[in-house]
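**Q** Sequence:
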Amino acid sequence: MALNKKENHHHLLLHSNSSSESNSSPSSPSCSPRRRPSSPSAPPPHYNNRTRRRFDLRKPQNRISSSFMVLIRNLRFLLVLPLLYISVFCIYVGNFADIVNQSPLPGSIYRSPEIFIKLLPQIQSDNASSLQLSSVWKYDHGRKSQKACADTSIVQHSGLSDSRGYLIVDANGGLNQQRSSICNAVAVAGILNAVLVIPRFEFHNIWQDSSDFGDIYDTDHFISTLESHVTVIRELPKVLMEQYDYNISNILNIRVKAWAPVSYYLGEVQSILHEKGVIRIAPFANRLAMEIPPNFQYLRCLTNYKALKFADPISALAEQLVQRMIEKSTKTDGKYVAVHLRFEEDMVAFSCCIYDGGETEKMEMEAAREKGWRDKFKRKTYIIRPGLNRINGKCPMTPLEVGMMLRGMGFGNNTSIYLASGKIYQAERNLAPLLQMFPLLQTKESLATLDELAPFEGYASRLAALDYTVCLYSEVFVTTQGGNFPHFLMGHRRFLYGHAKTIKPDKSKLVLLLQNTSISWNTLKGQMEAMFAKSNREGKMLLKTKMGSRRTSVYAYPSEECMCVEGSSYSTPG
1 MALNKKENHH HLLLHSNSSS ESNSSPSSPS CSPRRRPSSP SAPPPHYNNR TRRRFDLRKP
61 QNRISSSFMV LIRNLRFLLV LPLLYISVFC IYVGNFADIV NQSPLPGSIY RSPEIFIKLL
121 PQIQSDNASS LQLSSVWKYD HGRKSQKACA DTSIVQHSGL SDSRGYLIVD ANGGLNQQRS
181 SICNAVAVAG ILNAVLVIPR FEFHNIWQDS SDFGDIYDTD HFISTLESHV TVIRELPKVL
241 MEQYDYNISN ILNIRVKAWA PVSYYLGEVQ SILHEKGVIR IAPFANRLAM EIPPNFQYLR
301 CLTNYKALKF ADPISALAEQ LVQRMIEKST KTDGKYVAVH LRFEEDMVAF SCCIYDGGET
361 EKMEMEAARE KGWRDKFKRK TYIIRPGLNR INGKCPMTPL EVGMMLRGMG FGNNTSIYLA
421 SGKIYQAERN LAPLLQMFPL LQTKESLATL DELAPFEGYA SRLAALDYTV CLYSEVFVTT
481 QGGNFPHFLM GHRRFLYGHA KTIKPDKSKL VLLLQNTSIS WNTLKGQMEA MFAKSNREGK
541 MLLKTKMGSR RTSVYAYPSE ECMCVEGSSY STPG
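The numbering of the sequence shown is the UniProt record's numbering, which starts it at 1 and goes up by one.
These are calculated hints, taken from the structure and not from any lab test.
Beta carbons are placed, not taken as given, at the ideal position from N, Cα and C, and that holds for glycine.
Just the calculated beta-carbon pair ranges, DEER-fashion:
#, residue 1, residue 2, range
1, ALA454, ARG255, 39 to 47 Å
2, LYS534, ASP220, 38 to 46 Å
3, MET241, GLN208, 23 to 31 Å
4, GLU235, LYS509, 49 to 57 Å
5, SER271, ASP356, 53 to 61 Å
6, ARG324, GLY482, 25 to 33 Å
7, GLU291, ASP451, 44 to 52 Å
8, ARG324, LYS380, 48 to 56 Å
9, ILE383, ASP220, 45 to 53 Å
The calculated lysine-lysine pairs, modelled on DSBU-like cross-linking and capped at a C-alpha distance of 35 Å, are:
#, residue 1, residue 2
10, LYS534, LYS504
11, LYS309, LYS394
12, LYS509, LYS534
13, LYS118, LYS534
14, LYS378, LYS362
15, LYS306, LYS328
16, LYS328, LYS525
17, LYS362, LYS509
18, LYS509, LYS378
19, LYS504, LYS331
20, LYS394, LYS306
21, LYS371, LYS509
22, LYS509, LYS380
23, LYS306, LYS501
24, LYS331, LYS118
25, LYS504, LYS376
26, LYS423, LYS376
27, LYS423, LYS331
28, LYS328, LYS504
29, LYS238, LYS276
Just need the whole structure built from these sequences, with the hints factored in.
**A** Following this line, the structure appears as structure tokens:
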């Protein structure tokens with residue numbers, strides 16, 4: 001609020017200055033005709049006694065005329081200012097067509113259900129799959145094709161020198177944002193030569209997960225894997241805890257800027273660590289630059305692909321789910337497609353997109369936004385534009401849209417689909433069309449028994465870990481919305497297998513196709529096949545071109561330093 005008042009005060013000052021300038025200068029300098037400079041003592045060439053007689057202000061009629069001209073000029077500015085304000089407003093809010101309710105922009109309206117109903121008979125009759133999962137991609141061609149470790153010296157360490165203090169970090173967000181924080185924390189501990197305390201997980205009202213590090217990851221495996229590189233301890237020594245009254249919050253919390261380079265930690269943070277002996281960095285998400293020296297980049301890779309192993313309860317059930325998914329995919333030689341679907345209530349609410357739920361959907365989304373983000377979406381500075389969000393590909397894909405896309409790409413109705421997701425918004429209604437197109441659809445809830453899932457209920461990150469593992473071993477992975485989950489998963493699959501098939505749809509193009517109610521199935525199918533081919537090409541090209549740039553996420557595109565990591569906490573199935 002203070003910032004808004006300051007901005008308003010600044011605006012008032014500007015308006016006051018503009019008004020004063022207008023009053024003192026009736027005509028704008030940019031609009032005034034240019035005049036030649038003349039000597040103060042000599043009248044201008046065109047000035048003569050006749051002119052002076054015509055505009056003698058001592059005469060009443062000339063004074064009235066002059067005042068009228070000044071008034072007209074001032075009125076001109078009074079008329080221009082409102083027009084200028086309206087112009088800026090229109091630019092800020094968007095196209096004037098939106099304001100006056102003219103025809104909606106192409107792709108801005110959700111009409112996928114209409115198209116599905118129209119094309120369903122053709123979709124159902126087109127059951128022959130043009131894609132054979134057994135030939136889409138094979139595990140045998142995976143990581144062998146990638147470059148070997150570029151510089152073996154980065155994994156050779158002379159041993160741990162005396163540490164300069166203890167580092168505590170708070171990992172916030174969901175499963176994979178926390179994973180990013182953990183990997184970065186290990187690298188920062190190496191940069192600062194600090195002892196790392198097992199990262200703490202923040203509780204968030206959206207995720208509703210109170211899990212600790214040991215509930216999700218194998219703590220002993222984590223410590224032992226890193227022991228030759230970074231010292232990791234479970235908790236601060238008792239003598240230090242006593243100094244801070246056994247309250248971590250009493251420890252100095254350093255606010256580190258986002259994407260901080262190594263030089264920042266060495267120049268700004270290290271001296272404080274030496275002085276205090278223990279520091280805390282919270283929040284810690286994205287607090288380390290992607291481009292860092294190879295030896296510290298290696299620590300990230302070692303942590304991500306080897307040190308972070310899911311805890312035994314998660315690993316045991318996840319492996320069973322993978323095996324059951326393979327057994328249920330006999331029609332496709334044990335191969336299956338994994339789809340990461342982000343159509344949970346909180347995701348739909350956050351996107352501010354409009355679907356086909358009418359007034360009920362509107363009320364439910366407003367309630368969800370109020371619950372999760374309080375008044376964030378009601379602020380005057382926050383402008384909600386559902387149509388533009390959809391055009392720009394920011395709206396979560398519905399199960400119906402995913403099904404039409406995959407059927408158009410050539411996946412037949414005998415394809416086994418694993419759906420990785422939280423609780424789908426209005427699941428019964430929204431999943432029905434997807435089940436019509438892919439009856440062999442499975443989820444963790446359908447693969448596991450109620451008793452098996454009972455220990456995981458109420459823990460979003462633990463449930464996400466089950467989805468992560470089943471997706472990791474899929475033949476094809478489909479991402480529909482972006483975010484940390486597919487970001488990490490695509491990188492992990494690249495690390496294990498090389499170019500693991502990933503479908504990343506062009507959503508901006510897709511919404512245009514799915515608003516055209518006159519589109520034929522053959523036309524839509526042709527466009528989807530082209531989109532599939534493009535996704536395949538880009539997957540191969542990005543792996544080659546982006547690995548050289550450390551501005552690209554090392555988690556999505558494993559660097560050459562990652563190839564120096566021997567072994568993995570994950571092995572290929574079978």
